[in-house]
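> Sequence:
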Amino acid sequence: MKLQFYHKLLLVALCIAGLSRPSVAQNTLDSLVIVNPDIPTITQIGYAKQRSKIISSAISTVKGSELQKTFNTNFANTLYGRLSGLTVNQGGNEPGANSPSLSGRGVNTFGPGNNLLVLVDGFLGDFTQFVPEEVEEISLLKDASATAIYGSRAANGVLLITTKRGREAPLTINFSTQQGFTQASSLPKFVDAYNYATLYNEALANDGKPALYTADDLAAYQNGSDPYFRPNVNWYDEVLRETAPVSNYNLSFRGGNETAKYFVLLNSISSQGLLKNFGDLDEESSNSKYTRYNFRSNIDVKLTKRLSATLLLGGTVEDKANPAALSSGGTFGLLASLPSNSFPVRNPDGTFGGNSTYANPYANLLKTGYAESNGRTLQSSFRLNYDLSSITKGLSTAVAASFNTYFSSGSNRAKTIERFAISKSTDGDTVYTKFGQTTSIVGSEPNLGQYRNYAIQAFLNYERVFGKHEISALAMFNSDNSTINKSDIFAGTDAANLSLAYKNNAVASRITYVGNEKYIVELSGSYMGSENYAPEKRYGFFPAASLGWIVSNEGFLKNSKAISFLKIRGSYGLVGNDEIGGQRFMFDQRYPNVASYFLGTNNNSAFSLAEGRLANPDVTWEKEKKTNIGIEATFFNQLDFSLDVFNQDRYDILAVANRSIPLVLGYTDLPFINQGKVNNRGFEAVLRYRNKDQNDFHFFAEANLFYARNEIVYNAQTIQLNPGLVNEGRRIGQPYGLRALGLFQNEAEINASPRPVGITVLPGDIKYEDVGGPLGVPDGIIDGNDSQPIGNTGLPEFTLGLHSGFRYKGFDLDFVFQAISGRTAYLGTSQFRPFQNNGQAGEIALERWTPATAATATFPRLSADNNLNNYRFSSFYQRDGSFIKLRSAELGYAFPSAFIAKYKLQQARVFLTGTNLFSLDHIEFGDPEALSGYPPLRTITLGARVQF
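Mapped onto our numbering, the consecutive letters of the sequence shown carry residue numbers 1 to 948.
The hints are simulated quantities; they were obtained by calculation from the structure and are not laboratory data.
Some hints could be false.
As the list claims (entries may be wrong) - Straight-line distance between alpha carbons at most 27 Å, and here's what the computed DSS-like set of lysine-lysine pairs gives: (1) K53 to K393; (2) K49 to K302; (3) K49 to K164; (4) K63 to K692; (5) K561 to K518; (6) K503 to K518; (7) K434 to K424.
Since this is a predicted model, take the numbers as computed values, not measurements.
Given these sequences and hints, build the entire structure.
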């Protein structure tokens, strides 16, 4: 027995090393096959898998092989438009700092916890650093039936990531490489020095002040004859390069036999970013670069006839560097503020230009040091499965343990650099005025973040068919602990909240009955608790039920040629969300050391204990009642259609007790109470077509449409004198501001209209609607009481994804469009605030109001002063944030069999991939998803993939 066991372990090692090749022929390469839009045969649901045909829950699924056609350094950014019900909101564009936010079926709470629960191979984990080549499948669980077993963490939806595993097949080796470049798909548009000076003089005239720039100045700006004293610098051109290289290398091994199956992957991905290579110019600076190495080794071993084991091991090694600072946010903020005529990059004597207001971004990146970071991620799990069919057929058990960890540290090397403003003396000499001072470089080693999670699970599974009756059941126990430590980043915050562990315990079960392949009944539930609540309030029960009817298996439809498949399903249940925000352990009264008294003749301050926020011993998680009704159909074996309609009622949302506890009681901080309510409803539809295989031409198209609209039912808002400011009945995140009525055209119109108190309004200024003072009665003035709901939120109400492609002989094309609607973009950056705080002027300033352009102007009159009327938060700067984007496209060619045979390959393919190729939108001066900061990126790569 022992010899057999060790022999099997040896066989596993040989398989991984590629020395053992089963003799069965195999010719499959996931990424070579055009996407098959058929409904998957098996879908991951909860902690187990089910046949898609009998699933009565609402689930969206995408294969990892489909996502290989999108190049991005963050895996979550490959999901735009791919999963019905999933909203991907762009969070950044800088390589290594570009994680988007994900939400399932919109926003369901006005609390801070809108995050999806993400599980990697059944355990808490992060998937953003994955690569598509290591992912088998992604499933979004949306309704109560699918998510109830996750209890108090499931209300926002659950995203399941399943990594690739081995299979009983000969060893296949896949190698691929991509080489290409990224470029900014959109940059802010600012005026040049001539237009800046001309418009600035106009702004001064509007303010009743004399011109700053002479006719000679304007002429020199226009012809470039005086680059030092009258510069015209495009700072974006000075700091950014047009293209930056990217690369991706992937090597994987997959195979196995009845005893051992394995999947091994190595991947390297890099992007150098848009900043110029300042590290090549100065040894104390650094080139901008982001590199990450992924590794994965997933092994399944059959140890005995009944006992099997699974070891899943994956991780990343991540390195990032930037000149000046690790984050480029400060650099792009400076670029967006610095006027083009402020100073030259370098002065006549070679020193760096600058002034008292602005630093020199080129000098900052070249001479103020650099920052580096390195991150290490490890995700591991071990599972033992034991077949208990000796007790009763179909019974099995399993135990599993997981350990995930992430650590990131940094290295900052910083110094300051002197800069000089130049001017002419009365005798014509150049005068240098110094700002700042050059210092030696100083280093620090910050802790950039640490995360640790370990969990244990135990399962009892049962699957059995009794004639026409099919039963499957799951019972499980889960306990996990997480520790987060980010003290160096969040210095000054509640350190106790950052160092304490987070613990969840749960038992859950699910039972599914299928009768005669027609009738589906499923019951599920969990009993889950968290350490964050009072001992007697820590656990709750979360039940759900679903029903399904496969109508196409009924006699009256079974022989239908038109309806190949038809299923009706519905579910209802209760789930929770324990990311409630607020201070941890709110059931415990705190007495912080914050109260200050002033004592003695010198009024020295002294600190003492004071009563903190009033404790709430009944605090608990948010709860949500989910209802879902769906239909799935296939017509003529070619056209698939599904529709889900849902209603979600979230309650017990944490809110300050503004209406429950009167202020006369004297509490400094009112307690948080579970009293908020939100309703969210909508629908999802998916339409999928594929042609019949004929004449070497294969075509498919899949469109998914998602709509969700939420409404605040109750949020304990303080009583509002102006009814227009009441949040209840509005969307979560609804913007409130002044409604613009256009631009004042003359003094008569100004005198006949409500105006802000204490502000002089002139022709060309923005006119606002007077909607009321107290009780909503117009009072003739414009102030905070005139705020009202304006525009939509930043998240869309409608999302449409279109994935389509074809294959003809060796050629194939695949593309993904995404369209969104019901979203508002706000023009709130310095690009749209000309001359404010001595800043830049965007090209939008060319559309300003003047007496000559009064009939056509789309922007208010210019002012060099900080204008208190024209730049208030208002509908004037809101724009329709809808867009249609080509998220990805890939054109490929698979080499013919003669070429394959000649070089003893199994398959070979070359391809050209593009990401974020173009956008159709309503924003003339930028990208509707990224109006500030690091610009959005367009990526083009040329690649090759071979299989041995």
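> Against each hint, give a clear statement of whether it holds in the structure.
Quick rundown of the hints versus the structure:
no.	hint	verdict
1	K53 to K393	holds, 23 Å
2	K49 to K302	holds, 20 Å
3	K49 to K164	holds, 15 Å
4	K63 to K692	holds, 22 Å
5	K561 to K518	holds, 18 Å
6	K503 to K518	violated, 41 Å
7	K434 to K424	holds, 15 Å
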